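Student: Read off the chains here:
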Amino acid sequence: MNSLYAELQWLPRAPQEFPEMLKAWSNSTGSLGCELQAMAMHALDLNQLTKLAKAMGKARSEGKSLNPLTPFRLAVLSNSTIDMMIPALVASAARHGIALEVIQPTYDQVAQEALTPDSEVNRSNPEAVLFALDYRALPLKLSLGDGEVSTATVQGAIGYLQALRNGIKSNSNAVCIFQTVAPPVETLFGSLDRALPGTLRSLIDGINRELAEFVSGSGDVLLDVAALAETVGLADWHNTRLWNMGKFSFSDEVIPLYADHVARTVGAIRGKSGKVLILDLDNTVWGGVIGDDGLEGIQVAQGDARGEAHLAVQRLALDLRQRGIVLAVSSKNTDEVARLPFEKHPEMLLRLEHIAVFQANWDDKVTNIQAIAEELSLGLDAMVFLDDNPVERGLVRKLLPQVAVPELPEEPAFYARTLAAGGYFEAVAFAAEDLKRAGFYQDNAKRAQLQKQVGGVDAYLASLDMTITFQPFDATGRARIVQLINKSNQFNLTTRRYTDPEVAAAENDPEVFTLQVRLADIFGDNGMISVVICRPAEAGVWEIDTWLMSCRVLGRKVEHMVLREILEHGRAAGIRKLAGAYLPTERNKLVVDHYAKLGFAKVGEEESGLTRWELLVEDAAPECAPMKIISRGFDAAEEITLP
Amino acid sequence: MDEPQIYARLAEVFKDVFDEDSIAVTPELSAKEVDGWDSLTHIRLILTVERAFKIKFSTSEIGKLENVGDLVALIKAQS
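Just so you know, the sequences run in chain order G and F. Just so you know, we're using my numbering here: the first sequence kicks off at 1 and counts up by one. Just so you know, we're using my numbering here: the second sequence kicks off at 1001 and counts up by one.
By construction, these hints were calculated from the structure, which means they are not laboratory data. Given the structure is predicted, the values throughout are model-derived calculations rather than measurements. Ideal Cβ placement from N, Cα and C applies to all residues, glycine included. Among the hints, erroneous ones may be present.
To be verified - Chain F residues, not near chain G, derived (Cβ > 12 Å throughout):
1) 1024
2) 1030
3) 1031
4) 1034
5) 1041
6) 1046
7) 1057
8) 1059
9) 1063
10) 1074
11) 1076
12) 1077
Claimed, not checked - Straight-line C-alpha distance at most 25 Å; calculated SDA-like pairs for lysine to any residue:
13) F:1054 <-> G:323
14) G:247 <-> F:1067
15) G:23 <-> F:1065
16) F:1054 <-> G:243
17) G:23 <-> F:1022
Given these sequences and hints, build the entire structure.
Tutor: Following this line, the structure appears as structure tokens:
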């Protein structure tokens, strides 16, 4: 079996003293969640994962907090024995910043659990349900050569899955995670199985295709187990002896890999995925050392084996940038020397225009990575750091445990594959904004420069020629709304995370006031940058349940304009008072004075740092910033455009 | 590999699987004397033994195991 995948080789090996570390953790008085995540960030085998999960269970039963891990309740419905897998899921989830609680109903009760309103799963109110089903769970009857019956069989299987989904949706409204089906190894005819309708292989092909389609249209989540099984090899994935012995769906050797994939999917649902790829240069982006070997000496050309390995890293970085991952550079070099290949080398794919923050100096990488995070206004846990040098990797892991640092093999040909295997940038949806995001951060750097030139802030804001657009939630914006709700940490008053169905519920509830806000300026369209949800409290009062904003547009008085918009709709709805709360987290100190700055009066403060605020609608007079306002899609059905 | 070596290695495996340092791995030891040695843990134990000794047991061999002595006999026969 390929050890990169089976042994999770993008993660460092667990130290010899792992069991002692675990014992020390159980008695630790520090931040248990952080230490736990750091321990889970190793390539743990099934026994080690089991031990980690056991220690977590013990800590929980003693009432200890696993903060800052995000709690998540996952129900797993399966036609196979998953008992051995559950501890692996719990431990792997910690690796991805999640304190996972698994609800595991009785063996092989998939349909009963999904369809019965008060089943164990539906009663437990899960945030997501994983349908861990393999081909044995589906009604697949061979119909060799009969296209019509084959189509009906595929439709029947999809219909069964849809019925399960509808059961969960109407009974507990959890996010449904569906798995593609790994085909068994054994063929009937041989290669013909793929082409002939009605063979197991072509039926499963059909199901996987249809499943992907229905999931992408429904706001559910797909876990591509078929691809995972093919990656490690179907013959290694399927272990018939284990199925016969204990009804295990696949080989125990791939449980850690499977569990990590479930965990990264849950992490992605909760916005834990990486947002920035920080690249080392010498021997990572190109072969050789630019300072020693010079422009002619570094290896980065097509036709040279070493050069092609590094070009593959560049190609992957560029493709990631295209899907919205921000690129940055951290290199121990003199700045001009480090920039030389980007400017002058004809074979380089990466150019300076692709790099949002370029840190080439002689400071240590820890300092540089912190500077990059600060410049981009993103948390350290959004950073992924790629470096060929094990010393640098070790140092960053030790001093900045929040930063993901893939372990790299000796052979550069496998750098790109290893980075991809780690799944650092896992996403469960793709919004049109993603395509532009990497550019936003670079435009911000330009805006900062412009600010230096024009002097005063107001003059600067006016020079940006901004247009702000307000709309209620709608289906078109929903993917991005869900993404913002689950990703925004800093400018987020309550950090309440909602799933796609929960957002849809708010969208369709006439009592709930929702806002999606877009901002454009001379540099381009920033896309959706703010989300607000107000829920009715007592008569005449709106409780601001959610108010978040992208840090890209900080300092533009967007929040003042958003308040104006809320007030306008509030007045129209007969609202007298807005009530807001600030729920402190480790990441949202930025907005501790948000309501004070907007003229709200503090009416309560709790020991946890939670503060409550109120604003009387008639007294409110928020500042107006120089921008064009477009308000559309609200009940009045009229477009208000102010100059 | 002689018997004492097999027992020493097995002791490591038991520690790893049961997360318990105090289990004395003797020929007479069986499932009912160890906390948490249920049918699932048994499978995890067998899989870990197979990996540690780089051997494979047949399904029927696994079914017949009564105690650690039986297990060691199987390991000896294969290594």
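Student: Where does the structure disagree with the numbered hints, that is, which hint numbers, in rising order?
Tutor: Per hint list: 5, 6, 7, 8, 9, 13, 15 violated.
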